[in-house]
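Construct the entire structure; sequences and hints are all you get.
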Amino acid sequence: MNNITFFIDQVMRYPYLQQALLAAVLVGIICGVIGCFIILRGMALMGDAISHAVLPGVVVSYMIGINFFFGAVLTGVLTALAIGYVSQNSRIKDDSAIGILFTAAFALGIVMITGLRGTGVDLWHILFGNVLAVSRTDLWVTAGIGFFVILLIVIFYRPLLISTFDPIMAKATGIPVRFIHYLLMLLLSLVTVASLKSVGIVLVVAMLITPGATAYLLTDRLPVMLSLSAVFGVISAIVGIYFSVIYDVASGASIVLAASVLFGLAFFFAPKQGIVTKYIKQRRYKEASRAS
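One rule links them: number in this note's numbering = place in the sequence shown (from 1) + 2.
Heads up, some of the hints might be wrong.
[Stated by the list, open to error] Label-pair distances were calculated between CB atoms; the ranges are:
1. P273 <-> R180: 17 to 27 Å
2. K274 <-> P17: 38 to 48 Å
3. R285 <-> F149: 42 to 52 Å
4. A293 <-> F150: 52 to 62 Å
5. F72 <-> G117: 17 to 27 Å
Since the hints were derived computationally from the structure, they do not count as laboratory data. Predicted model only: the values in this text are computed from it and were never measured. Quick reminder that beta carbons are idealized off the backbone N, C-alpha and C, glycines included.
This is how it looks when you write it as structure tokens:
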């Protein structure tokens with residue numbers, strides 16, 4: 003209880019902690035929402051690819067003195083287009099194209115970072131994130147991206163819903179499936195950029211996948227899944243910041259671990275899909291069968 007009181011006191015006292023908490027909560031919401039569509043479409047590897055592929059764009063942005071937002075989004079979108087181009091114009095399948103291009107882009111980014119040694123520019127924090135260093139400008143960028151992403155999901159909710167669960171029917175009803183796919187890639191790139199300062203490139207894929215996967219174990223309805231995923235993202239953010247402040251550990255990793263714990267609880271104890279729940283139901287069924 004003393005730790006909780008101390009944490010609340012620190013948040014109330016220091017503006018940088020307030021900004022960190024708000025940024026982490028926003029990231030938890032938008033990662034949770036967009037992550038549901040990534041999971042349902044079986045595109046977890048694509049999320050991993052784009053989150054890593056933005057690194058060269060971040061480095062170039064810093065080198066030419068512009069906001070990393072522009073370079074990261076451009077690199078993410080170009081990577082998504084390149085993956086589609088390679089898979090459609092060769093015998094290479096999607097998963098192989100993703101593995102080739104995202105590792106190449108990530109490696110290029112690492113080489114470019116090491117080339118900046120001696121210039122006074124340190125970008126290693128982009129890899130693992132540091133939400134406690136989020137500035138007011140970063141917070142506004144995150145909020146703007148979050149609003150834009152949620153707005154587009156609301157506008158295109160029906161096409162996203164139909165193309166996610168039945169692409170053939172979506173094509174038959176005239177829904178531009180390819181456009182929806184690349185729109186999702188754009189939103190994924192934006193969410194990745196919004197999450198860079200909070201959880202970093204290496205860990206952002208966990209925030210994209212874990213809250214949504216946790217929600218997926220608890221419900222079969224997409225609206226409920228979206229809501230639960232956002233809630234789990236927020237809980238992970240708050241708990242992660244708490245442990246980061248109290249125990250002086252890495253903020254991004256703390257947030258991801260909190261999300262992982264929530265997934266573990268759902269995996270074992272979900273009302274319908276939980277391992278422990280299924281075991282208990284099987285035991286009761288066997289006992290009822292023997293009694294009858």
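Here is how each hint holds up against the structure:
1. P273 <-> R180: 17 to 27 Å: violated (38 Å)
2. K274 <-> P17: 38 to 48 Å: Since K274 and P17 have Cβ atoms about 44 Å apart, the given range 38 to 48 Å holds.
3. R285 <-> F149: 42 to 52 Å: holds (49 Å)
4. A293 <-> F150: 52 to 62 Å: holds (59 Å)
5. F72 <-> G117: 17 to 27 Å: holds (20 Å)
In summary, the one numbered hint that this structure violates is 1.
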